[in-house]
Amino acid sequence: MNTIDNSVAVGRTLIAAAVASVLLAGCAAAPAAPEGASEARAKLTQLQSDPNLASRAPAAIKEADAAVRTAEQPEADRSLGDHRVYIADRKVEIATAQAQTRYLEDQRAGITADRAAAQLESRTREVDVAREATADAREENAELQRQIDALQARPTDRGLVLTLGDVLFESGRAELKPGAASNLGQLVAFLAKYPSRTVAIEGHTDSVGGDDYNLGLSQRRADSVRSHLVSRGVDAARITSMGAGESSPVAGNDTAAGRQQNRRVEVIISNPALAAL
Amino acid sequence: MFAYEHGYCVQPRLRPGSSLRAATGLAGVLVLSACASTPPAPTAQLQAAQQAITSAERAEASRHAAGELSAARAKLASANTAVQAEEMVAAGRLADESRVEAELAAARTAFVKARIVNDEMQSSTGTLIDEMQRKTGDAK
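Residue numbers (my numbering), protein chains in the order written: chain A, 1 to 277; chain B, 1 to 140.
One chain only, chain A, in its complex shape (with noise of 0.2 Å):
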């Protein structure tokens, strides 16, 4: 300041060169950049070498880094140098900012895919999971049949029926003949399978007899084959035994084939639900 007040009282040959002098060293006389500058360029040298970052915001980028330089000049004004830098650590923190506000929407079409995906495998997996439900049930569904039909019981509305001759008894008599087990085995090994199924024991006559003596004859007849069940381990709560006498015939009593039909015990097989099979 001084040269210019000695300047101006030498003469105004001076002047001009003393001023051109104090710009001159306004220019060189700060010997380093302002305070805060290089903080303002790490952190824009992070952004630019930030992969996911580097190229979402090239506008941006560019504005801080011209913002950065000019901060980086070594300015003597302290206030103005101080401007700069602040103006430049902003640039560079707007720059980041849009940056990763556009890294974070690029990542959308990734996490949209990732939702179908997940949704295409559950649905996927839904029908392996129905297809196996369906092909189990159908198994099951075959099974049984195998079952019913080494039984040789019929459908009925009422349930599987299976009737067993008189192949059981002797003519008048409730216990069951020594071959009649091997009889009842498939019934025993149908209940053990089917464990929800109930069976209903209905024993029949035909009508040589009284009433009364064919009743009772029926009921204990119905009432061993019962025993028998829960001997081969057939829980009793699932039988119920009756002797229904000669009242359901199955045909003619007249002649002797028919009173054979008529001489009978059915066991009837409850048809559970079908879940609970």
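Simulated from the structure, these hints should not be mistaken for lab results. Treat each hint with caution, since some may be false.
Quick list of in silico lysine to aspartate or glutamate cross-link-like pairs, EDC-like style, CA-CA up to 20 Å [to be verified]:
hint, chain 1, residue 1, chain 2, residue 2
1, A, K193, A, D235
2, A, K177, A, E266
3, B, K113, A, D106
4, B, K113, A, E105
5, A, K43, A, E63
6, B, K113, B, E60
Based on the hints, put chain B in the right spot on chain A.
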């Protein structure tokens, strides 16, 4: 660099025909602006700052970048105070600082909003996957 930075005024008197004309003319141009008796207010910079603040407010910066927004307002208030004091250089710088601060508020607001959207998308996808796994898991 700039005449106003030197805090010193030289009033050159130009005389036609003077051999010093060119040199003093240069110096005069350099210092003239700083020595005007009533320097003009940095109207355009102040307006730009106000516009940036308004735009950040509209983007709900008060919710997502409250610190930056209030800093921008404070800078603008300081700039207006500097205008009253006829410190126009300081006023212009403060206005510029207010504007970048408001722009930063807007940029950070946009970032926070984008993150909220992504988080929601991600969590709804996660919920979907969980639900589906539970559904198919039960069926098995």
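Against the structure, the hints come out as follows:
1. K193/A x D235/A: With Cα atoms ~13 Å apart, K193/A and D235/A stay inside 20 Å; holds.
2. K177/A x E266/A: 17 Å, holds
3. K113/B x D106/A: 14 Å, holds
4. K113/B x E105/A: Cα-Cα ~10 Å, so holds.
5. K43/A x E63/A: 14 Å, holds
6. K113/B x E60/B: The hint holds at about 10 Å.
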